[in-house]
Structures are given as structure tokens and as C-alpha cells.
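Number of protein chains: 2
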Amino acid sequence: MDGCTILFKPQNRIIKVKEGTSLLEAARKAGVFIDAPCGGSGHCGKCRIRILEGDYRFEKSLVLPDADFEKGIRLACLTYALSDMVVEPLEIKVTNEVLVEDVDPGEEEKGWIKKARRMMEDSGIEIKSGLEKIRLALDPPTLDDNIPDWERLCGGLATKCGPQSPRCSLDVLKRLPGTLRGNGFDINVILAREHGDCEIIDVRGSCADKPLYGICVDVGTTTVAANLVELETGKIKESASAGNLQMQYGADVISRIIYSTGEGGLAALKHAVVEGTINRLVEEMTARLNIYPEDIIFGVFAGNTTMAHLLLGVEAENIRLEPYIPAFRNHPPLKARDVGIRINPDAPVFIVPGVASYVGGDIVAGVLAAGIWDSDENVLFLDLGTNGELVCGNREVMVACACSAGPAFEGGEISCGMRAMRGAIDEVTIDGRTLEPCYSVVGGTKPRGICGSGLIDLVAAMFMTGIIDPKGKINAGLKSERIRFDDNLGVHEYVIASQNETEDGREITINEIDLDNFIRAKGAVYAGIRTLLKTLDMNVTDINKIIIAGGIGRDLNIKNSINIGLLPELEEEKFVYIGNSSLIGSYLCLISRGAREKAKHIAESMTYVELSAFPGYMEEFVGACFLPHTDIRLFPGVMKK
Amino acid sequence: MDGCTILFKPQNRIIKVKEGTSLLEAARKAGVFIDAPCGGSGHCGKCRIRILEGDYRFEKSLVLPDADFEKGIRLACLTYALSDMVVEPLEIKVTNEVLVEDVDPGEEEKGWIKKARRMMEDSGIEIKSGLEKIRLALDPPTLDDNIPDWERLCGGLATKCGPQSPRCSLDVLKRLPGTLRGNGFDINVILAREHGDCEIIDVRGSCADKPLYGICVDVGTTTVAANLVELETGKIKESASAGNLQMQYGADVISRIIYSTGEGGLAALKHAVVEGTINRLVEEMTARLNIYPEDIIFGVFAGNTTMAHLLLGVEAENIRLEPYIPAFRNHPPLKARDVGIRINPDAPVFIVPGVASYVGGDIVAGVLAAGIWDSDENVLFLDLGTNGELVCGNREVMVACACSAGPAFEGGEISCGMRAMRGAIDEVTIDGRTLEPCYSVVGGTKPRGICGSGLIDLVAAMFMTGIIDPKGKINAGLKSERIRFDDNLGVHEYVIASQNETEDGREITINEIDLDNFIRAKGAVYAGIRTLLKTLDMNVTDINKIIIAGGIGRDLNIKNSINIGLLPELEEEKFVYIGNSSLIGSYLCLISRGAREKAKHIAESMTYVELSAFPGYMEEFVGACFLPHTDIRLFPGVMKK
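These protein sequences, in sequence, are chains A and B.
Letter 240 of the first sequence, counting from 1, is numbered 240 in the UniProt record's numbering, and no numbers are missing.
Letter 303 of the second sequence, counting from 1, is numbered 303 in the UniProt record's numbering, and no numbers are missing.
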């Protein structure tokens with residue numbers, strides 16, 4: 001037999017693969033999206049697939065429930081085709097096409113955008129993108145004035161903005177003769193000027209005048225969010241977000257880096273984020289605004305260091321190998337054409353520089369947005385996304401670290417976890433008497449899973465009602481039908497929503513493995529905070545403000561976060577939720593050349609603390625893997641309850 | 001019927017075309033080279049093709065001899081496929097693969113290269129290419145020294161050559177982490193520095209040290225010639241030349257421009273010169289020298305203005321439409337990647353700037369090589385290539401013009417004409433008594449045709465022996481079997497070589513139409529010289545030196561050229577043959593940044609004279625369309641004979 005043809009329902013996508021190929025690999029090749037947070041190692045249980053036809057070989061996995069197994073459901077990563085097959089993925093039955101969602105910037109973010117703009121102006125940073133439109137009404141050539149087109153253009157520019165040696169791409173040069181003659185030599189020149197360089201991005205007829213657009217993109221490990229912005233006014237015209245299609249190669253940066261080192265891996269990951277995610281967002285936004293992708297003449301991208309490398313297709317392997325060295329912090333001048341972003345091919349691309357391998361440009365953008373660089377007070381900045389990054393400091397000094405929190409706050413590595421999208425339980429309370437839960441769902445639908453803020457509420461409520469002990473073990477002695485023993489996994493679990501309550505007829509539960517994962521995640525963050533403060537010789541009480549960013553969602557309950565020992569016990573008014581600060585920061589970089597300079601300065605001047613190498617960190621972590629903490633003096637208010 | 005499949009013998013190339021497509025168009029699409037100097041308009045008679053099988057429609061043409069017609073030979077441009085066909089081109093039965101010939105720079109050129117280098121140094125122009133190799137032995141990173149790769153490289157460069165903001169392509173950045181680690185952070189950085197810009201072309205391990213190579217290319221309308229040069233020493237390591245594959249779209253720039261404006265025309269012409277000609281020369285030269293194309297890190301190109309436009313794929317239409325405006329003189333920074341030249345994709349590309357639409361970078365390169373810019377004496381520079389361009393002047397002032405001489409001096413528009421390659425008759429004498437010719441052939445083989453220098457000798461000999469009168473009419477009353485009447489064309493002809501003397505069994509003859517074309521060509525050059533001198537208020541006798549360049553060949557007979565009135569009557573020692581001055585000039589630009597600056601200066605400062613608009617030019621031209629001239633006082637020496 002030559003190979004196996006796999007038909008994926010319901011999209012009817014077909015792919016031919018070698019015999020013995022896993023169905024997950026086949027799905028990736030077919031462009032069928034299957035979530036695989038663990039990168040296909042068989043331990044997350046998310047890549048469930050229903051076998052409709054065909055022969056296969058499979059490995060059993062504890063994370064696949066017996067009930068599923070009996071219905072012919074398997075894990076795609078552990079099922080290998082032996083013949084032609086017909087299969088149907090279960091978990092997220094969507095192709096990436098429909099992952100685009102409307103995302104109106106929330107009130108917090110809108111507020112922060114205004115605030116950050118004001119802050120920049122107050123510190124003398126001009127809100128000027130560096131992209132400009134210059135009108136040139138040139139004299140048409142004659143036999144006596146036979147200066148060539150390009151020299152005529154350069155001469156015209158010189159009269160408007162002083163002598164220049166402008167650059168332009170061959171594409172722009174090729175369009176020049178036609179544009180000049182098609183518009184009677186009356187044109188608008190779109191220029192990018194930075195560091196004495198002058199680059200012509202586009203030449204357009206002056207009568208067909210259009211605004212200049214730019215995009216800023218937060219390239220998250222899990223979610224990619226973008227704004228389409230009118231550069232001259234700074235107005236956000238469209239917003240959109242989508243799951244990062246790289247998810248099918250693993251939930252966290254480490255599994256992606258590992259995938260990238262295999263044959264074709266780097267190209268597949270680049271393609272997934274550029275073609276499969278960002279370009280679709282651009283398409284969606286330009287279609288809604290009814291403009292051409294070519295009208296977008298500047299792009300700013302912020303992501304963690306691995307995302308920045310994969311965006312450019314630069315090998316990321318050394319990020320994960322000691323001594324953890326990125327290929328670049330700043331990058332040489334690049335254009336959309338080089339990166340494959342389908343906006344104007346000559347649009348400059350700016351990737352917000354990062355601090356180190358595990359504190360990337362998303363954090364620098366966040367710090368830029370949060371204004372720590374301009375603060376007299378001590379600010380603690382927490383980004384609770386797929387990983388947890390922390391920055392602490394003020395105008396004078398800033399230190400940063402990365403906690404190995406994993407993706408728990410975006411629902412990763414939790415059996416019923418999901419990101420904060422429609423169908424996610426985002427708030428939970430539990431009746432202390434009946435032990436019955438009460439929850440709210442994003443979008444007001446039936447629930448499909450639980451997101452970060454919901455998990456924090458849930459764990460806090462289980463702890464406060466005594467369902468779990470400080471170690472996260474379930475008290476099996478309590479009388480509630482919601483507390484059960486899972487024979488498969490050999491652990492107890494708590495049922496949040498029964499089959500008939502959920503959208504897909506699958507129970508939503510949390511088990512002791514989930515709880516353990518979650519507690520380790522929150523412990524990593526808290527230990528990170530303590531360690532970072534130590535490097536500054538500061539105590540928790542020295543913090544004047546805690547700014548929380550990231551995909552954890554704006555419904556984060558601060559009290560509950562303190563109750564479980566994720567956040568330090570401080571007055572509630574000291575906590576602020578900033579939203580997607582990486583997107584806000586990249587927006588600032590889009591509309592202000594000065595902001596880009598400031599971001600570079602922040603990235604260079606911030607001190608990176610490698611937690612794993614820091615004396616005493618492990619003790620801090622172990623101590624924090626308790627609800628709320630082994631050292632109860634740190635949470636006096638919680639212990640009083 | 002859906003289409004016709006045309007099989008070209010002897011290469012057995014197959015192409016499917018629409019019914020009614022001309023065989024010339026089919027050959028172009030199939031990549032079969034058929035010479036078509038007239039661009040496929042049916043009047044040059046070069047595109048002869050033998051029909052072996054199939055139905056077709058054709059138009060009769062006077063330029064196709066009856067004997068040929070009876071043998072089933074047709075003109076490819078006037079024959080249209082009506083069914084599947086099998087055909088065999090006659091004229092030049094080669095694909096472009098074998099057009100590459102060894103060309104060792106001739107003695108004259110070698111001498112001029114030395115002379116030009118010395119001249120440049122004497123005027124303070126440094127022989128430095130601007131490309132350099134800098135060795136950096138960087139400290140490998142550690143946990144305490146975790147500067148990213150790119151920043152580490154930039155830092156290292158700064159210590160060696162001062163603070164830089166180097167640019168590099170994404171490709172170079174992608175290779176950086178691997179190159180650094182594969183070589184223990186001990187590397188050679190290949191830099192291009194110009195106008196304060198600093199561009200990293202390549203990063204290589206320091207142990208695998210290789211010379212830096214560059215190529216300079218004369219992109220002629222008919223012939224493309226290239227040198228592969230070791231940049232640091234200036235040594236020419238390889239030379240090669242080939243017919244410009246664009247010839248299949250017409251012999252002169254006007255027919256190429258016309259072709260370029262049709263659908264896909266511009267792309268076809270660009271592909272013909274870049275992929276079909278230059279890249280093959282590069283392949284040939286790198287293979288012979290046993291280096292990689294990527295080892296070539298700089299490329300300099302000189303060609304007429306149309307060639308420069310077509311090389312870049314920039315529309316050339318305005319060159320031919322009044323007021324004759326090129327798209328560019330200088331070009332923005334470009335790389336080999338942009339142009340499609342298959343050397344190192346990051347190699348900078350420099351196209352020698354031209355003066356105007358009909359005095360291009362090849363002439364500027366020629367003037368640079370000939371040293372007019374440094375001469376106290378009055379120099380007349382003639383480039384007798386596919387067109388004829390003239391420059392006259394000295395250190396203080398230079399004027400230039402283009403004669404519409406056509407391709408006669410490279411054998412174009414002459415029935416048995418060919419360029420000065422193997423098989424070309426390059427010298428001719430005629431016995432005044434017997435009227436029998438005596439000739440020499442390039443390569444010492446049987447003749448296939450006659451090249452420019454041979455034509456000059458032939459016409460001069462026919463004129464001096466009275467075979468033709470001053471108007472180029474053949475004296476039919478002379479008793480010689482070599483003088484005949486061609487019934488087809490209705491004109492007389494002179495047989496230079498009979499069927500059994502030639503390589504392909506085809507007679508080599510010259511007829512009165514050829515003679516008329518040739519006399520008009522030489523008339524255009526002489527009229528150009530006279531007009532150019534007028535603009536400088538000079539006489540022929542004010543000229544101290546005449547430098548002759550171009551494809552006419554080093555065997556040009558000066559006396560004969562004066563005898564027919566092509567060149568002004570001056571002492572023979574005032575004439576110098578420089579060879580391919582465009583190639584010499586582009587070589588100088590390759591090895592010297594200062595030479596590039598000088599070329600830019602020459603291009604900007606030279607005055608272009610548009611002959612067609614110059615009062616009195618037409619009278620000059622009409623007067624010069626005589627052997628030697630209507631005004632015999634201009635050629636006292638000739639008239640004495």
C-alpha cells in the first residue's frame with residue numbers, strides 16, 4: 001500500500017499520508033485545526049477524535065474516559081492510520097477560518113489607551129507614527145526638462161523636506177512611471193523616516209487620497225489580537241482576534257520550540273501564525289472596513305521572544321538551551337514582504353524588542369502601556385497569559401522575571417479548561433451549605449469549559465467551603481453528589497456542570513490532577529513575586545500598585561486571587577486590571593516613533609532575573625504550592641475567614 | 001480543436017499553443033532560440049524554419065529566396081500553426097545553453113584596464129570596492145552574558161569599525177545563530193559600506209576563509225559579456241559572453257520596447273536577459289572556477305537605458321515616447337535577490353547610471369574607462385555596437401548623442417550579417433582586376449556570415465574597385481560571375497562566398513538593400529560626429545584622439561572606415577580601439593567605490609544632444625549617405641585614390 005487517505009469530517013478535507021502517521025499529524029497537514037496543548041505527547045487528552053471508518057493502531061491513554069473510548073473516540077496524537085480513514089475531530093470542531101471573533105477593546109483598555117497617550121505626551125514623547133504623506137505636484141517632463149522619473153521624485157521630495165537619499169523597493173520603482181503619468185505628476189508620497197533613513201513606502205495619485213492605516217498585533221502563544229488603526233488620528237477602526245493556529249503544535253513555547261527543530265517544523269510554525277492567523281485577521285478587518293490590505297503601510301508586532309522568532313522564521317532552539325540566548329532583541333529593518341504579512345509589501349515591520357528569552361516584547365509593550373517607566377511609585381506588573389511574567393520597579397529601576405506557570409490561566413493543562421471565549425465559565429461561587437455551584441458563562445450560553453478567572457473563583461470557593469484542603473486534595477467525606485472518584489485516573493473530582501447543563505453534553509469537572517496543576521501555577525507566580533521583590537530588597541508592602549494584564553480576563557476576582565495565594569494580600573484598590581497590555585503597547589508603538597524608542601530603551605535597561613538560578617527560589621515555590629501559602633503570616637486576612 | 005502541439009527539432013522541445021499562433025511566438029515560449037532582428041515583422045528574413053510535418057497558414061515574403069521556399073522553408077514569424085507540427089529552425093540551430101563562449105579579455109582591453117586603474121589612482125580615486133571582510137572573534141554567551149546574537153554581532157562590529165546601525169536581510173539574520181555556534185563565535189562578516197550605510201551581506205565561519213568575488217556585466221542589446229573578479233585584488237578570474245536571449249524579441253531596443261508593452265512582454269524580456277543570459281554566464285563562470293554562486297557578493301551592470309530598465313523589469317515605454325523619459329538614472333539600493341540575479345541574494349547590485357534615454361550606462365562606463373573625464377585633450381569616443389553612441393569632450397565639458405545607426409555594425413539588418421563570433425568574415429579585400437574577394441574568418445573555419453569589421457572592409461573594397469558607386473548601387477556592367485541580379489528582390493547582389501565555400505552550404509552575398517542599410521548606418525554615425533562637434537563649436541581637426549569601442553571588433557580597419565566615410569579623415573595614429581569599454585567601465589565600478597561615484601558624476605554632468613531635434617542634422621545625415629560623402633572636401637585623402 002502506498003499511503004492512507006484521511007477524510008476529515010465535517011469539512012471533508014482530505015490528505016494523503018504515509019501508513020502509520022498519527023491522525024494529529026495528518027490533521028495538521030490537512031489544515032484541520034485540532035487543539036493539542038501538550039504538543040501531541042498523549043497527556044492532555046484534548047485532541048479527541050471520533051473514528052468513523054478505517055483501520056488504525058492506537059495507544060491507550062488514561063486521560064481518555066472509558067465512556068468516550070466505547071463510543072469509538074480516540075486521541076488523535078496516539079492513533080495511527082493503517083488504511084484510508086474517515087474521522088471527525090471533537091474538541092473544537094472549527095477550522096481556523098471561523099476563529100476570528102469581534103473584540104471591541106474593553107473599557108479598561110480604552111481607558112488605558114487614553115491614559116498611556118497622555119502619559120507619553122506629558123513625558124515629551126510625540127504621538128507621531130513616523131509615517132507621513134507628502135504631496136508633490138511635480139512639473140511634467142519635456143524635451144528640455146528630461147530628468148528621469150525617480151530623480152524628478154527625489155528632487156521634489158528635497159524641496160519639501162530637505163535633501164534626502166530615499167530608498168524604495170523595486171516594486172515601488174516599477175509602479176512609479178505609471179503612477180506619475182496616470183496622475184499628471186501630482187502625487188502623494190508615503191514616507192517612513194527613522195534614524196535619518198528615508199524610505200518611500202508607496203506612491204499614489206494625489207486625487208485618490210486615502211487615510212494611512214497601520215496594524216498592531218499582540219502575537220500571543222494562545223491568542224492573537226489585532227487592531228487596525230488610522231495612523232494620522234490614532235483611531236482604532238477595527239479589532240479582531242483569533243486563536244494562534246500554532247496551538248496545534250503545542251500549547252506552550254517549549255513544545256513549539258521542540259516542534260520547530262524537526263524537519264519543516266520552523267516553516268510550519270511560521271506559516272501557522274503568519275498565514276493561518278495574522279493574515280486572516282488582516283483579511284477580516286480590511287474586508288469589514290472595506291479597504292485594501294495594501295492600504296496598511298505599517299505593522300507593529302508584540303509577542304514573547306519565541307513568538308517573535310517564529311514570526312520571522314528564525315530558529316528559536318537556543319531560547320530553550322542554556323544559556324538561553326535569543327537570536328535578536330532588536331531586528332534589522334524589515335518589511336511586510338520579508339515576513340510574509342499580507343499588508344502593503346513595503347510596509348515597515350516593527351517587532352517590539354524583548355528583554356531576554358523568557359521576557360519578551362509583549363512584556364516590554366505591557367510595561368510601556370502600564371507606564372512603569374514613568375512612575376515614581378513602585379509598581380508590580382503581572383502578565384497572566386500562557387506563561388506568567390512579572391516586572392517590578394519604577395522610573396529608576398525595573399527588574400523582570402518569568403514564572404514557569406504554564407498555560408493554566410488560559411485554561412491549558414486543565415481537563416475542562418478553555419480560553420476566555422464564548423462558552424467559558426468565567427465566574428463561580430459555591431454554596432457553603434449545599435456545595436452546589438453557581439456560575440456565569442461568557443456570551444450567556446450553555447458552558448463548554450472553564451477559563452482562568454473561572455478557575456480562580458472555583459478553586460477559591462472549593463477552598464473556602466472546605467471541598468479541598470490547602471494541598472488541593474478533595475475531602476471525599478463531604479456529602480455531595482458532585483464529589484466523585486474517577487476510577488480511570490484514580491483521583492477525586494468535583495462536577496461543576498452535568499451533561500445536560502453543557503453545550504456539548506460533556507460534563508465539566510475539575511479533578512485533583514487539575515487542582516495540582518493549578519496550584520503549581522499559582523505557586524510559581526507568587527514565588528516569582530516574592531523573589532523579584534527580594535532582588536529589589538523590597539517587601540510586599542512596598543508595592544504601591546499592582547497592574548494585572550493578560551488573557552486571564554477582566555472578570556478576575558481579586559479577593560479570590562488573594563484567598564488562594566496567587567496575588568499578595570494588599571488593599572483591593574491597589575489592584576488594577578489593564579487588559580491586553582501587549583496590544584496597548586504595540587498600539588502605542590504604532591502611532592508613535594518616540595514610543596518605539598522608549599520600548600527599545602525599556603528592553604535594554606530592564607534587568608532580567610533568571611528565577612531557576614536565583615538562590616532561594618525553589619523554597620519560595622514549594623512554600624507557595626499551598627492554599628494560600630505555607631507561611632500563613634503572609635495572608636493574615638485570609639486566615640481570619 | 002483545442003490547440004496545436006509544436007515539436008522543435010533537433011532539441012525535441014515541445015510546446016502547446018493556440019491554433020493560429022506564429023511559429024516564432026511558439027519558439028519563444030518553448031525556449032527555442034530563433035534570431036529575429038526585426039522583432040517578427042517579416043522583413044529581416046532571419047527566422048527561417050523548415051516545416052517537417054503539419055498544417056499551417058503563411059504569408060509570403062520577398063526576403064525568403066525561392067530556392068528556400070521550394071525546400072519547405074518558411075519564415076517563423078509569418079507561419080501560423082493550424083495543426084500539430086514538427087519544425088526545425090535553420091538560422092542559428094542552438095539553444096542559448098551553448099551560446100556561452102570563452103572570451104579572454106583582448107590585449108587592448110587588458111591594456112586599457114591597467115591604464116584606467118592607473119588613471120583613477122592618479123586622480124585620487126581609491127581602488128576599493130567598498131565590500132570588506134571583517135573578522136570578529138566574539139565571546140560566546142553565558143548565563144551572565146546573555147546578549148542576543150544580533151546585538152552581540154553589532155557590538156563586535158562597533159569595536160572594529162565604530163558604532164554602526166547595520167542592516168541585514170532576514171536571510172542573513174536567520175543564518176546567524178547557526179553560523180555563530182557552528183564556528184565557536186569566530187566569524188567573518190562581509191560588509192558593504194557606502195554613504196554611511198552599513199549592510200551585512202553575509203556571515204561566515206572565519207576558518208572557511210574564501211576570497212570575495214564580484215561580477216561585472218556589460219548588458220549589450222546583442223551580446224552580454226561578464227567578468228568574474230576577485231574583489232580584493234581586482235584580478236579577473238573568469239570571462240564569458242553570450243548572445244542576449246532577448247534577441248528573439250527583436251534586434252534593436254525599439255522593437256524590444258514595443259514587445260515589452262504587450263501582455264507578459266516585460267516579464268518575458270526580463271526573464272530572457274536575467275534567467276536566460278546573465279544567470280547562465282554566472283553558472284558557467286562559477287562552475288569553471290569551482291566556487292558557489294553565493295560567493296559572489298557584488299554585481300555591477302552596464303547597459304543602455306532600455307537594457308537597464310528591462311534588467312529590472314521596469315517599464316521602458318516612455319523611453320520611446322516623446323519626451324523620452326527614463327524611469328530612473330540612478331536606482332535605489334537593490335540586491336541580487338530583487339533583480340533575480342543568481343549570485344548571493346544579498347549582494348548589492350549597481351547599475352551604471354545613464355545620461356538619457358538613448359545614452360545609457362554603457363556609454364558612461366565607456367567614458368569612465370576611456371578617461372575623457374581626466375583628459376586635457378579633446379577626445380571623440382565612438383561606441384559602435386547595436387546602436388552608435390558618441391561622446392566628445394575633455395575634462396571640462398562632455399556632450400553625447402545617439403545616432404540611429406541600427407544594428408548594422410553587429411551584422412543586424414544585413415542579409416548575411418552576424419556578430420563577430422566564430423564563422424564570421426571579419427576582414428575582406430577584393431582584387432581590383434578579377435573582382436575576386438579574399439577574406440579571413442574568425443576562428444579560421446568556413447564562413448557563416450559577415451560581421452561589422454568585415455562589412456566595412458567589403459564596402460570599402462567594393463567602392464574602391466568600382467563595384468559600387470558612391471550611392472551603393474552595383475555596377476551591373478562589370479564582368480564578374482559574382483555580380484548577379486536577384487529576381488526575387490529586384491536588386492543586384494555580390495557573392496562573397498559560394499555554397500561550397502560556406503559552413504552551412506548557404507551563399508554569403510551582399511545586395512543593394514544591405515548596402516543601402518549599411519550606408520545609412522555609417523551616414524548616421526558620421527552625421528552624428530559632425531553635429532556633436534558643432535555643438536562644441538569644433539572642427540574635425542580639433543579632435544586629438546578618437547577612441548573606438550563596441551562590438552564592431554578589434555579588426556576594424558581604420559583606413560577602410562575613413563574610405564567609406566564612417567570615420568573622419570584624420571591621421572591613423574589618432575585612432576585607438578578600446579574594445580568593450582562598457583565592460584571595462586563596469587569592472588572599474590566593481591573594484592572601486594570612487595569609480596561608482598565618478599560614474600554618477602559623469603552621468604549627471606554630461607550634456608545630451610537630441611540629434612533629431614538639432615537644426616541641420618538631417619542635412620548632415622543626407623550628405624553623409626554617400627561614399628565617402630557628398631562634400632568631398634571632407635575626405636581629400638580618399639578622393640586622391
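Because the hints were derived from the structure by calculation, they are not lab data.
Being a predicted model, the structure only gives us computed values, none of them experimental.
Errors might be hidden in some of the hints.
[Claimed, not checked] Here are the simulated lysine to aspartate or glutamate pairs, EDC-like style, with alpha carbons at most 16 Å apart:
{"id": "1", "chain 1": "B", "residue 1": "Lys-335", "chain 2": "A", "residue 2": "Asp-338"}
{"id": "2", "chain 1": "A", "residue 1": "Lys-174", "chain 2": "B", "residue 2": "Glu-126"}
{"id": "3", "chain 1": "B", "residue 1": "Lys-174", "chain 2": "A", "residue 2": "Glu-315"}
[What the hints assert, rightly or not] Between beta-carbon pairs, the in silico distance windows are:
{"id": "4", "chain 1": "B", "residue 1": "Ile-134", "chain 2": "A", "residue 2": "Asp-537", "range": "55 to 63 Å"}
{"id": "5", "chain 1": "B", "residue 1": "Ile-127", "chain 2": "A", "residue 2": "Gly-155", "range": "47 to 55 Å"}
{"id": "6", "chain 1": "B", "residue 1": "Leu-289", "chain 2": "A", "residue 2": "Leu-289", "range": "53 to 61 Å"}
[Unchecked claim] Covered stretches of chain B, as calculated for chain A (at least 3 residues, CB under 8 Å):
{"id": "7", "stretch": "158-168"}
{"id": "8", "stretch": "304-314"}
{"id": "9", "stretch": "317-326"}
Where is the CB? At the ideal position from N, CA and C, for every residue including glycine.
Structure-based check of all given hints:
1. Lys-335/B / Asp-338/A: holds, 13 Å
2. Lys-174/A / Glu-126/B: violated, 34 Å
3. Lys-174/B / Glu-315/A: It holds: about 7 Å lies between the C-alpha atoms, which stays within 16 Å.
4. Ile-134/B / Asp-537/A: 55 to 63 Å: violated, 44 Å
5. Ile-127/B / Gly-155/A: 47 to 55 Å: For Ile-127/B and Gly-155/A the Cβ distance comes to about 32 Å; the hint is violated.
6. Leu-289/B / Leu-289/A: 53 to 61 Å: holds, 55 Å
7. 158-168: holds (count 4)
8. 304-314: That given contact holds, which follows from 3 residues of the stretch 304-314 of chain B lying within Cβ reach (below 8 Å) of chain A.
9. 317-326: holds (count 7)
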